[in-house]
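As given, the protein sequences belong to chains A and B, one line each in that order.
The opening position of the first sequence corresponds to residue -4 in the working numbering, with each subsequent residue numbered one higher.
The opening position of the second sequence corresponds to residue 8 in the working numbering, with each subsequent residue numbered one higher.
Simulated from the structure, these hints should not be mistaken for lab results.
Hints may be right or wrong, so weigh each one.
Here are the simulated SDA-like cross-link-like pairs (lysine to any residue), alpha carbons at most 25 Å apart as the crow flies [claimed, not checked]:
1. B:Lys190 - A:Pro96
2. A:Lys21 - B:Ala50
3. B:Lys190 - A:Leu114
4. A:Lys184 - B:Gln104
5. A:Lys202 - B:Gly41
6. A:Lys21 - B:Thr102
7. B:Lys190 - A:Lys184
8. B:Lys190 - A:Arg98
9. A:Lys21 - B:Pro103
10. B:Lys190 - A:Trp232
11. B:Lys190 - A:Val94
12. B:Lys209 - B:Thr102
13. A:Lys21 - B:Ser40
14. B:Lys190 - A:Ala116
15. B:Lys190 - A:Glu113
16. B:Lys209 - A:Glu113
17. A:Lys21 - B:Arg105
18. A:Lys202 - B:Lys209
19. A:Lys21 - B:Asp38
20. A:Lys202 - B:Gln104
Pair by pair, the computed Cβ-Cβ distance ranges are [stated by the list, open to error]:
21. B:Thr102 - A:Thr56: 42 to 52 Å
22. A:Pro39 - B:Lys209: 25 to 35 Å
23. B:Ala47 - A:Glu208: 31 to 41 Å
24. A:Arg229 - B:Glu51: 22 to 32 Å
Cβ atoms here follow ideal geometry from the backbone N, Cα and C, with glycine treated the same way.
Chain by chain, the residues run as shown.
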Amino acid sequence: MIRRAVLATATCLAGLTLALGAEPAKPDLSGVWFPDPKASGRWPTDRPFTPATAAARDAWTKTYTPIDLTRDDENTSCIPYTLPYVMTTITQYPFEIVVTPQRVYQFTEVFGQVRRIELGAPTRGDQLPSRMGSSQGRWEGAELVVDTTHLLPLHIGHRFPSSPAQRIEERFSIVSDAQSGRLLHVQVKVTDPLVYREPVTVQMVYKSAPDVELGEYICGQDLWDQHQAGSTSRIPWR
Amino acid sequence: MKAFTATAALLLAGCLSITQAATPRAVTSVDLSGTWLPDARRAEAWPATLPLTPQARSFMEEFDASASDSTTLCMPFGTPRNMLQTEYPLEIVQTPQRLVMVIQPNLANAEVRRIPLDGRELPASPEPSWFGTSRGHWEGSTLIVETTGMRDDAIVSGNGIPHSSQLRVIERLRVVNDPQRGKVLIDDIELHDAQAYREPLKTRRYYSWAPDARPRDPTCVDALWIDKLWRERLQEHRPAQPAEGAK
């Protein structure tokens, strides 16, 4: 009890310090968030590809046209998203942010992915390229600024190709809106000098959904159900 | 300056009243958060003869992994298999009101178990799922986790121990300081399922503290996708082979 009282006093005194002109409070990003497609921005229609990338894409398209997105899109084949598209894909699926002193975790419902943003010392150990990359966060006032590298490159024929040099900067902030309530704003800036002549940006807006619990999203469930239905092996209690 | 002093005084008064009103909250006795590596060498083996019901025994004797093991199609382990496996790390994210367990096997999904610690009860009939519906509470420094609502097409182990949708998993998790191994997480696991077992199955798993362990990106679905789809796609673009006998 004494410990709690001391903690509460310390917290309040910290707040008082802020009021006296020190750095502003860090907003709590935790909770379940839904993308708001109307309020969010869009990627530029014409991306500023470098001449080499544009030529390579033209060649790829010429070779593989026609593209059948019901079959040739990896996401419809249960391949999960890669950053920054984890953040910018406008779907009906929520994600949850859990904040701990060392890390910010982002759990997505779609594909059941986990993202980790380090707040302390930079990541140790290996840093193999991955779909979520290696993210390091720091507070700049009331904004969480996240730098991400070591992302798995997306191939030249992808809608959004990328190279190993890709770097993403995200700025997370909380905005209180009179009509929509608590909103999470994330400004996403992609820098990839091997693919783009200049950085590409998009502004995302997410609505708070405190009563929503993330569900299980098992992309291959239908495939598994069909597999089971066609199997001679029977589940004994059905 | 007067307004500034008045604001500061007001804030200080507010702080004092908040401090006095601080009320007890949910207690998390032990910090389990972090990354833990399963210790395969110390994992308790199942008894040579399992107390299975005739239905479960028959399923296990005729078990065909290609037909009944979800992981062959990159589908999840499910609970409790995700806690019984000894290959992939367990990451625990802990807040006062909740604990999240994350296991990232080389399968399609990260297996995320959300365990409220706020005293809410388990629903009577949770919707069947791979990872189940869990509730946790502290008994001293031991976390007790009860999980129900698992799909009956998941299995307990790679050799085909089945479970029904009646399965109830009780776990007791605690941390001990081992003089040789350092911080060790122990999970005592009980499987209660009258349809599948004549008596509860019990086993124990040990985990070593591994703060630098990082999960790898899964490649299971990529392999399936490449195999099933891209091979077919590339075939279409391969130059036509000359007809037999053509020069």
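Here's how the hints hold up against the structure:
| no. | hint | verdict |
| --- | --- | --- |
| 1 | B:Lys190 - A:Pro96 | 20 Å, holds |
| 2 | A:Lys21 - B:Ala50 | 43 Å, violated |
| 3 | B:Lys190 - A:Leu114 | 24 Å, holds |
| 4 | A:Lys184 - B:Gln104 | 34 Å, violated |
| 5 | A:Lys202 - B:Gly41 | 29 Å, violated |
| 6 | A:Lys21 - B:Thr102 | 18 Å, holds |
| 7 | B:Lys190 - A:Lys184 | 41 Å, violated |
| 8 | B:Lys190 - A:Arg98 | 21 Å, holds |
| 9 | A:Lys21 - B:Pro103 | 19 Å, holds |
| 10 | B:Lys190 - A:Trp232 | 41 Å, violated |
| 11 | B:Lys190 - A:Val94 | 24 Å, holds |
| 12 | B:Lys209 - B:Thr102 | 28 Å, violated |
| 13 | A:Lys21 - B:Ser40 | 22 Å, holds |
| 14 | B:Lys190 - A:Ala116 | 22 Å, holds |
| 15 | B:Lys190 - A:Glu113 | 23 Å, holds |
| 16 | B:Lys209 - A:Glu113 | 37 Å, violated |
| 17 | A:Lys21 - B:Arg105 | 22 Å, holds |
| 18 | A:Lys202 - B:Lys209 | 44 Å, violated |
| 19 | A:Lys21 - B:Asp38 | 24 Å, holds |
| 20 | A:Lys202 - B:Gln104 | 23 Å, holds |
| 21 | B:Thr102 - A:Thr56: 42 to 52 Å | 48 Å, holds |
| 22 | A:Pro39 - B:Lys209: 25 to 35 Å | 59 Å, violated |
| 23 | B:Ala47 - A:Glu208: 31 to 41 Å | 33 Å, holds |
| 24 | A:Arg229 - B:Glu51: 22 to 32 Å | 30 Å, holds |
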